[in-house]
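Sequence lines, in order, name chains E and G. Residue 15 is where the first sequence starts when you use this note's numbering, and the numbers rise one by one after that. Residue 10 is where the second sequence starts when you use this note's numbering, and the numbers rise one by one after that.
Read the hints as simulated data drawn from the structure, not as lab findings. Incorrect hints may appear among the rest.
Calculated pairs, SDA-like style, for lysine to any residue (alpha carbon to alpha carbon, straight line, at most 20 Å) [stated by the list, open to error]:
#  : chain 1 : residue 1 : chain 2 : residue 2
1  : G       : K161      : E       : F426
2  : G       : K193      : G       : T144
3  : E       : K177      : E       : I189
4  : G       : K112      : E       : V469
5  : G       : K193      : G       : A145
6  : G       : K130      : E       : V417
7  : G       : K178      : E       : V469
8  : G       : K112      : G       : A170
9  : G       : K166      : E       : L451
10 : G       : K153      : G       : K178
11 : G       : K161      : E       : H197
12 : G       : K153      : G       : A135
13 : G       : K161      : E       : G411
14 : G       : K178      : E       : L451
15 : G       : K166      : E       : I189
16 : G       : K166      : E       : S414
17 : G       : K166      : E       : A413
18 : G       : K161      : E       : T410
19 : G       : K166      : E       : K401
Short, incomplete list of chain G residues facing chain E, as computed with Cβ under 10 Å [to be verified]:
#  : residue
20 : L39
21 : N41
22 : A84
23 : L86
24 : A135
25 : A136
26 : S160
27 : K166
28 : G167
For clarity, every value in this text was computed on a predicted model and none was experimentally measured. In this text, a Cβ means the ideal position worked out from N, Cα and C, and glycines have one as well.
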Amino acid sequence: MSEQPTVKPPSPRLPKTRLTPTVDSVTSIASDGSRRDLHPADVHGRFTTARRWSGWGLIAFYLVLPWIPLNGHPAVFIDIAERRFHFFGYTLAAQDTWLLFFGVTGLGFALFFLTALFGRLWCGWACPQTVYLEHVYRVIERWIDGDATQRRELAAAPLTAAKAGKRVAKHGLYILASLLITHLFLSYFVSLPELWDMMQHAPGEHWAAFLFVFIAAGILYFNFAWFREQLCIVICPYGRLQSALTDDHSLSIGYDAQRGEPRGKLRQEAGVGSELARAVSAEARASSLTHAKPGACVDCNRCVQVCPTGIDIRHGLQMECIGCAACIDACDEVMTRVKRPTGLIRYDSFAGLTGLATRWVRPRTILYGVLLCVGIAVATFAFSTVKPANFLVFRTGGASYFVGPEDVRNQFMVRLVNKLTVPATFIVSSEGLPAGLHQSGFEAPVTLAPMAESVSPLVLVARRHDYHGPFKFTVRVRDAAQTFTLAREVEFMGPDAHLLKEDEEHDKESHERKP
Amino acid sequence: MSSSPLPPDDPGIKLRDHTYDGIQEYDQRLPNWWLYTLYGAIVFWVIYWFVYMIAGIMPTDGSRVDTAMAGISAAKLASSIDVSNDDKFWEMSGNVVFTDAGKQTFTSLCTPCHLPSMRGKSENLAAVGPDLTDTAWIHGGTPKELFAVVSKGVMAKGMPAWEPVLGQKKSVEVVAYILSHHQKGEAITVEVSK
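From just these sequences and the hints, can you work out the full model?
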């Protein structure tokens with residue numbers, strides 16, 4: 015399969031030696047360690063079209079979210095300064111950060127589940143690395159530098175004014191795109207008006223934000239202009255996890271070797287292909303080099319030319335494959351042109367490619383599915399417990415309780431946090447108090463400004479003759495409209511009631527003074 | 010940024026000489042960019058070590074913390090009030106800016122014990138705190154003594170220390186508000202607490 019001359023399209027401009035990917039080394043790294051730039055050829059087809067639309071949809075989604083106001087805030091606004099996190103009209107406070115656990119584990123299990131079923135669908139269709147590279151940066155490159163052949167020639171050409179102009183234009187647009195993406199990213203954390211305000215002032219007034227945006231833009235520029243597939247191949251851990259997450263029944267992009275091999279040049283006389291090829295016996299295959307009847311693969315190398323990570327999919331599933339489906343479209347196009355059935359390279363499981371049926375329901379998918387469902391159920395419950403207020407009761411500093419001449423007293427502080435973006439009124443009450451207990455503090459409802467918090471005392475006094483030892487009671491918070499309630503159990507602490515009585519007998523006189 | 014396809018003279022993949030259990034090892038180079046990150050880290054380490062440890066060009070984290078803390082205490086000192094000056098308290102008690110702010114704090118924090126009227130036990134025997142409007146004081150009735158009670162509390166009786174919670178400014182405002190119910194130079198009685 016190596017050192018085959020180009021068959022299709024027979025372009026005289028192509029260099030004689032061609033890139034021949036092997037499974038033993040990375041195509042984009044030369045044996046001296048230098049980087050070998052890949053110039054994936056243009057490809058057309060149903061997956062390419064679908065991917066373009068979904069990619070643009072995702073980019074539009076990312077760009078538009080900060081502009082849509084919902085309940086007075088952008089649809090997604092992670093307000094670092096105020097420590098309030100707005101998601102589609104739903105506001106969480108810093109106190110709710112623990113819910114992030116479900117976000118992280120949910121993402122993990124969803125990815126596990128999807129990977130076990132569909133392989134690297136994420137990489138090819140939804141990962142920001144692929145989405146921006148394929149649908150922004152490569153589009154710019156294609157527009158300025160031309161198709162793969164022209165790009166390769168331009169790269170090899172000596173530096174002329176025309177080449178310099180193209181390079182400046184391309185990298186200028188790259189930088190512009192990177193700055194746009196990072197500015198929008200910052201607006202997720204500071205909101206657009208704040209971002210606009212910062213952009214109109216000198217960088218010195220907001221060094222942190224300025225450095226963040228420009229360093230992030232620099233990283234993006236480096237990544238998308240030069241680093242590209244190296245991130246997927248060398249850095250990203252998800253690709254490395256594939257061998258642990260997938261099995262023979264997971265969907266991946268694969269080459270139907272049974273149908274395709276032995277590959278060979280297209281001969282007009284061997285036009286009728288596939289069913290014959292299927293029937294080829296081992297002996298016939300062995301002798302197919304001399305005979306004119308090869309498998310369905312015409313060895314046009316299109317699948318290699320269009321690959322953005324520089325692999326030959328006909329070597330089987332490889333770690334470098336990001337599942338972009340470009341080779342499927344490329345092969346289908348060729349198969350259509352030579353009037354053979356499409357799908358020689360297709361989305362299929364390893365089992366499916368070897369002629370077996372793909373089992374969708376298997377221990378792995380059941381386990382991942384169950385874990386995902388458990389996670390979703392617990393997360394739903396956890397989110398349902400989030401109330402528009404936070405509330406905490408703690409004892410004031412100093413002694414745990416105070417014994418006066420007439421009474422036993424406990425002092426608490428109640429912290430209330432209004433997590434809403436509108437003022438809210440709260441009613442604080444104590445429940446389960448024994449008869450004769452007097453509460454002071456929170457006689458009237460408390461109104462808190464949007465996102466404000468207050469700490470106020472709650473004092474409970476038991477007359478000595480009503481006091482019968484420590485007890486537990488409940489402090490409850492309601493909003494004025496009675497839409498929710500929060501409760502905490504608190505202990506009223508005090509001395510043993512009998513000892514208090516004895517004590518009272520002994521030093522009655524000593525307490526006869528103004529407290 | 011080499012862009013040519015595999016040159017014809019590329020030696021390809023090398024194998025190490027040794028063989029163990031019939032297994033041979035490739036001898037492939039790391040990507041150059043990867044090596045550059047290593048070299049870059051080494052260069053960074055040398056520069057960092059020289060700048061921080063040897064030349065002392067940049068302040069260390071410890072000295073930066075010390076500087077910041079000194080700055081904070083200087084700012085505190087600059088905006089702090091002389092709490093031993095009774096006259097200053099009396100002056101503030103006549104200024105609505107201070108008394109209004111003090112009233113706000115008093116209403117949200119002090120009323121459960123001292124009642125909104127500030128009259129405490131004089132108004133309702135069941136109240137926890139003593140009357141703050143009369144001329145009889147328990148822990149001293151001069152403004153600076155009053156401030157000491159508000160800021161440090163009377164732990165044995167349940168009066169919390171408020172300065173750690175409110176800060177000096179708000180504590181002073183509360184004292185000014187209490188003093189606005191009194192006259193400078195009025196006769197006071199002090200019951201020395203046990």
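So, going through the hints one by one against the coordinates:
{"no.": "1", "hint": "G:K161 / E:F426", "result": "holds, 18 Å"}
{"no.": "2", "hint": "G:K193 / G:T144", "result": "holds, 11 Å"}
{"no.": "3", "hint": "E:K177 / E:I189", "result": "holds, 18 Å"}
{"no.": "4", "hint": "G:K112 / E:V469", "result": "holds, 16 Å"}
{"no.": "5", "hint": "G:K193 / G:A145", "result": "holds, 15 Å"}
{"no.": "6", "hint": "G:K130 / E:V417", "result": "holds, 16 Å"}
{"no.": "7", "hint": "G:K178 / E:V469", "result": "holds, 18 Å"}
{"no.": "8", "hint": "G:K112 / G:A170", "result": "holds, 18 Å"}
{"no.": "9", "hint": "G:K166 / E:L451", "result": "holds, 19 Å"}
{"no.": "10", "hint": "G:K153 / G:K178", "result": "holds, 14 Å"}
{"no.": "11", "hint": "G:K161 / E:H197", "result": "violated, 49 Å"}
{"no.": "12", "hint": "G:K153 / G:A135", "result": "violated, 28 Å"}
{"no.": "13", "hint": "G:K161 / E:G411", "result": "holds, 11 Å"}
{"no.": "14", "hint": "G:K178 / E:L451", "result": "violated, 35 Å"}
{"no.": "15", "hint": "G:K166 / E:I189", "result": "violated, 67 Å"}
{"no.": "16", "hint": "G:K166 / E:S414", "result": "holds, 11 Å"}
{"no.": "17", "hint": "G:K166 / E:A413", "result": "holds, 9 Å"}
{"no.": "18", "hint": "G:K161 / E:T410", "result": "holds, 13 Å"}
{"no.": "19", "hint": "G:K166 / E:K401", "result": "violated, 36 Å"}
{"no.": "20", "hint": "L39", "result": "holds, 6 Å"}
{"no.": "21", "hint": "N41", "result": "holds, 4 Å"}
{"no.": "22", "hint": "A84", "result": "violated, 20 Å"}
{"no.": "23", "hint": "L86", "result": "violated, 25 Å"}
{"no.": "24", "hint": "A135", "result": "holds, 6 Å"}
{"no.": "25", "hint": "A136", "result": "holds, 7 Å"}
{"no.": "26", "hint": "S160", "result": "violated, 13 Å"}
{"no.": "27", "hint": "K166", "result": "holds, 7 Å"}
{"no.": "28", "hint": "G167", "result": "holds, 4 Å"}
Comparing the model with each numbered hint stated earlier shows that hints 11, 12, 14, 15, 19, 22, 23 and 26 do not hold.
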